[in-house]
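Undergrad: Residues per chain, in single letters:
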Amino acid sequence: MTSDANSPVAKVRNGVSHILLIAVAIVFMGPLVYAVATSLKPADEVFTPTPELFGSEIRWQNYADAFTFAPFGRYFLNSLFVAVAGTLVVVVASSLSAYAFARLRFRGREQLFVLFLGTLMVPQEVLIVPMYWLMQSLGWVDSYWALILPWAFTAFGTFLLRQFFLTVPVELEEAARVDGCGPFRSFLRIMLPLARPAIAVLTVFTFISFWGSFLWPLIIVNSVADKGTVPLGLAQFIGQQGTQWNLMMAASVLSMLPTILLVVLLQKHLVRGLLVTGLGGR
Amino acid sequence: MSTAQTTTVAPPAGRPSGGRPVGRRPALRKDGRYAGVFLAPSLVGLALFTLFPTAMALGISLFDWPVFGERKFLGIENYTHLLNDPVFRRVVLNTTLFVVLYVPLNVVVSLGLAVWLGPKIRGRQAFRVLFFIPVMTPMVANVMVWRLLFQPGGLIDGGMQSWFGVNAPNFLGSSNWAMPAVVAMSVWQGFGYNFLVFSAALDQVPQSQLESAQIDGAGPLQRFRYVTWPMITPSIFFATTMTLITSFQVFAQPFILTQGGPGVATQTIVMYVYNQGWQFLTMGLASAAGWVLFVIIMGITAIQFFGQKRWVHYDV
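If you read the protein sequences in the order shown, they are chains A and B. Counting with our numbering, you get residues 38 to 319 for the letters of the first sequence. Counting with our numbering, you get residues -15 to 300 for the letters of the second sequence.
No lab work stands behind these hints: they were computed from the structure. Treat the hints with caution; some may be incorrect.
Claimed, not checked - Beta-carbon label-pair distances, calculated as ranges:
id, chain 1, residue 1, chain 2, residue 2, range
1, B, PRO50, A, SER93, 53 to 59 angstroms
2, A, VAL205, B, SER196, 32 to 38 angstroms
3, A, VAL53, B, MET144, 47 to 53 angstroms
4, A, GLY155, B, ARG74, 28 to 34 angstroms
5, B, ASP187, A, VAL205, 37 to 43 angstroms
6, A, ALA60, B, MET144, 15 to 21 angstroms
7, A, VAL151, B, GLN191, 36 to 42 angstroms
8, B, VAL28, A, PRO79, 53 to 59 angstroms
9, A, PRO206, B, LEU89, 42 to 48 angstroms
10, B, PRO50, A, LEU203, 47 to 53 angstroms
11, B, LEU77, A, VAL53, 40 to 46 angstroms
12, B, ASP48, A, PRO206, 54 to 60 angstroms
13, B, ARG55, A, THR280, 23 to 29 angstroms
From the three backbone atoms N, C-alpha and C, an ideal C-beta is built for every residue, glycine too.
Chain B with its partners taken away, still in its complex shape:
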């Protein structure tokens, strides 16, 4: 699964949304019947594979719904079960911890590197491509590589032994280190996406404005704060909310690095959905957990939608 799977509707790189005003767009006549044909594949596909399953997910979550066998209506019992399930609570806590560690790290690393790699650096295109590679390579392959790195006797452990003479902690087997290890791997894999978003946004900042600020005596920090920053806030806001959403959906990294362990120390909400659904075959509970995730994501989307009005300077 790609972590870059997105669930938001905002445009990237600081472009205000929308195309031309609708009224002024000339249109062909007698289009109604053609429109039906053009839209049919997408409409049928989205109805069957997105709209219908979304409603069904809510329906299933109200049932005791084993993969095979009798189904029984439960009302909200699955949800109350989740609230009282110590594993689910732990899983929500783990996911939140992952998000709280991962999102700021990702944004700081990607923004920092994007600013550092300003327009005057030679070979910046090569850096962009390089950092973007793990975003696109199969996640499972990326995680496999890091499993080997974190292994006792792997590169990190071996390096520490030969340079410092001490063993590295058993990252994936320690309840203290497992989550930081998952976060570190995820930042390495994912920051290239936001790096590209920020890098594109920084390219839009006119050099002339930076230079005239410099002539007026503004130092590098002041130029960043008063010229660059207001122009890139739409991108920062966009990238942060997108990263928030995708990081709540984290699955493959803990699934392959730690299998959620040790114990349930790195089990996430999506792993819980997977386990309930396809290990314990209790689809109702899995669906309810999925809906809890959906509500969290809707909340963030709402923050993005309303927050950008107050937080983002589109008018520069």
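Chain A on its own, in the form it takes in the complex:
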């Protein structure tokens, strides 16, 4: 703390600055607050001449009604299943290959790693056409396989975990190796437990990517009522006559809740996760 930071002028300046920041945060939160407010209003009070935070009643019933208005129960279960399964594949595949790149010596390792990183450059939008054709060929159009597998192999997870594995002292494993511990046991018993924070970050960010993915489900799901995920279910609302905004906001808020919870839980590790946002389930 330098001397002029304690002067009265600096204190006033900091105070004003802080108040302005809080004002910015409130404006920023406006859309989300408005969404929650709308989700609790009766249908005929969504659009009022003067914006109101509350309607004539707080209608929690909207949240139950959203589930009968559209099969949101089904959408949520589908999203949960796809996101959990996809995340599992991402974490297993990337931790295995990350271990190989960080610890095993084999010919062409550096070249192969560059190839891995190179795949990150290919945008999803280039892949969707041939991917659709591939799914057609495999008979996977409109299936859970198609929702889970195509985007569950990306080099992001490998890259993130490799960087973490490299920070683990080799001596830990060398001692185990002297005791006759092979790479598989070394990986399972030593590396994975140590890498728990990195794996937690990878897990959460991958889950969130799958949870929010929209373009691919839009393409590959034909029977929305059966295989639809939450974003698809929300998008179904748009075309309908006289959109039920209060119910739609209820469903939107519900779809946001798990991700908000995860962000708050993981707040200390968000920076590490920046590298892997959007790595699966795009």
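We have chain A; now place chain B onto it with these hints.
TA: Same frame as chain A, but now just chain B:
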């Protein structure tokens, strides 16, 4: 789809790439056969779901390739068709306009707030989490909320009526306002990502250097320009190129806010790919448009790769 979907290989937050030098990394012996097992799932998955489709995308783009029915080899005809298609030209123009508006706004807002929220502000962790929320919540839900905001009679329109007595423009239905509306929504949704990148980079700037600069008589602007700025340029460069890449891939915001309208005023390249592929069922054309996008992104990646050498001070 997440806008934060990334397609670059650079590390964030100003960390020079790479781990320890390869030669000094001790390794276990007889690893070759183990490596095969460890690598198998990722290798098979990446080959099947990334490498093969990338090549196939180029192949398909050379054909008249309907979803069902006869395929016919066309050579580069799909690409010449794109060049002459007024809709595709408009779509490239729209996407460029989005990028030109969105990227500077995003970087300025996120960098400005990150600098403003310096280490001396109380509760900065709460701000970080707050601004990061829309980055992580499902994009479709975010866009739905903004559709309601922009609606005639929605919050913006209602607020303007009751405070100023005038109607807000019909944002999503006006060819002048639709694109700015898409940009505004996208900045709100996306700036939290770069905010966190910049915020982490600013934390790395040693307070001692800032303080000694202050003792030497440097004002706040000089301290920012000569101490902070050189240290955060890697992050700024990283964030800008990443944001460029992801903003060329914009899809869900215009798709749900405006359906690309009015007319084709907010239709983007990815929407064009989607429409060609799954509305008109002409996969060849869709794939060619996808490859045009890929070439644009490769160009930006090349700029990032070569530009960082000349633009970024890693040596501070």
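Undergrad: Hint by hint, which ones does the structure fall short of?
TA: 3, 5 and 13
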